[in-house]
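Student: The chain contents come next:
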Amino acid sequence: MRPDDRKYMESHEWAKLDGETVLIGITDFAVDELSNGNEGDLVYCDLPEVGRQLEQGETFGEIESVKAVSDLNTPVLGEVVEVNNEIEEHLEILAQDPWRKGWLIRVKPASKNLDHLLDAEAYEALIAAKAQ
Amino acid sequence: MTETWRLITTWGAEPAFNMGLDETLLRSAHAPPTLRFYSWQPDTLSLGYFQRFADVRGTDRAGAVVRRLTGGGAIHHVNELTFSISVPRNHRLYRGPIAESYIRVHGAIARALQELGVDPKLRGDDALLSERPETGMCFHKSSPLDLVWDRRKGVGSAQRRGKTRILHHGSIKLGPSPLEEEVATVASTGNTVACEAFAPILAGALAQGLDVTLEAGGPTEAEREQATDFGARYIDPAFLKRR
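In the order they appear, the protein sequences are chains A and B.
Residues in the first sequence are numbered consecutively from 1, following my numbering.
Residues in the second sequence are numbered consecutively from 1, following my numbering.
Bound conformation, chain A alone:
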């Protein structure tokens, strides 16, 4: 079971309330899909500048593996207030700990309501359906 302390997008990003801000990352499923279990297959990640205003659903960055570039999509409307710059140099963190050390950006949201996103149970069901 994926962590139930956060919400999920169908495109495999997660959003976790952290005080007045929201941490955003990608799920283990997204990492596995891109890297096929080989963390060395992740090669580049582009993240936004601090201060950028993000619309809900907008692409805030991109990640490249050996065989695919994937958009990173924004779960909430808000302003980027912090970027995990370590990720761009150490993509293996995403494979090792996508839930904590692997956060990508911190956003000051216009609203702390995350009800428009999937809870862990619904996200699990989505992943299970993909496996069929």
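A hint or two may mislead.
To be verified - Restricting the straight-line Cα-Cα distance to at most 30 Å, the calculated cross-link-like pairs of lysine-lysine (DSSO-like) are:
no.	chain 1	residue 1	chain 2	residue 2
1	B	141	B	121
2	B	163	A	101
3	B	163	A	16
4	B	121	A	130
5	B	241	A	130
6	B	163	A	112
7	B	163	A	108
Simulated from the structure, these hints should not be mistaken for laboratory data.
Based on the hints, put chain B in the right spot on chain A.
Tutor: Showing chain B alone in chain A's frame:
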């Protein structure tokens, strides 16, 4: 009943339009699954999305330069058939590990090439004679899923996974390029085919291999306009040299 895909063919289109139309098909909310065949006028060097401009040899020797939305190495689009597949992200063709989607598409390409007398196979663990990673060229760097013949890479492909759709780019080498020496081509096997003649053969193999029906059509007027709008950035020096 098999699924129907649209087949778009645009020969000799401008580089910016080629990339703009593929982005239109990737970002579209309503486009049907689409297979596209195209060629380039003038010959064009396309950089991988994350490549550094300075790391690619030959940017001053091609008729034009663009940066693709898909990753990987640079490709000199000359004497080749270029294709793109754009489908919803949850399409059955792209479910499961990314590797499996390459195997499905490359299997169909291999069958099409076999009709020309070429005998391609997945590279697997084989060492290739076309490896020249210092050039920054896609065809000079290989992975186990690449299609090869005569121990050289002859097909390059890469995917972009958008929020709602997937774009799969591919290039099949029909003849030589001065920027891609030592790669496999159809011509290097003693066979000759033009992209316009190979396209229907590949269309048939993809339709059969992917279990779809292809219906010839063009981009809609709205798609053409969007492609022109999106296309401008692909030749913009700021985008080309963003890295």
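Student: Has the given pair, residue 163/B with residue 108/A, been kept, meaning a C-alpha gap of at most 30 Å?
Tutor: 22 Å, holds
Student: Hint check: residue 163/B vs residue 112/A, CA-CA at most 30 Å. Holds or violated?
Tutor: 23 Å, holds
Student: Has the given pair, residue 141/B with residue 121/B, been kept, meaning a C-alpha gap of at most 30 Å?
Tutor: 16 Å, holds
Student: Holds or violated: residue 163/B and residue 16/A, Cα atoms, limit 30 Å.
Tutor: Holds, at about 20 Å.
Student: Does the alpha-carbon distance linking residue 121/B and residue 130/A stay inside the 30 Å limit?
Tutor: Distance of about 29 Å is within 30 Å: holds.
Student: Given the hint that residue 163/B pairs with residue 101/A, does the C-alpha gap stay at or below 30 Å?
Tutor: Holds, because 24 Å separates the two Cα atoms, which is no more than 30 Å.
Student: Decide if the proposed pair is consistent with the structure: residue 241/B and residue 130/A, CA atoms, cutoff 30 Å inclusive.
Tutor: It is violated: about 38 Å lies between the C-alpha atoms, which goes past 30 Å.
Against the hints set out earlier in the document, a violation occurs for number 5 only.
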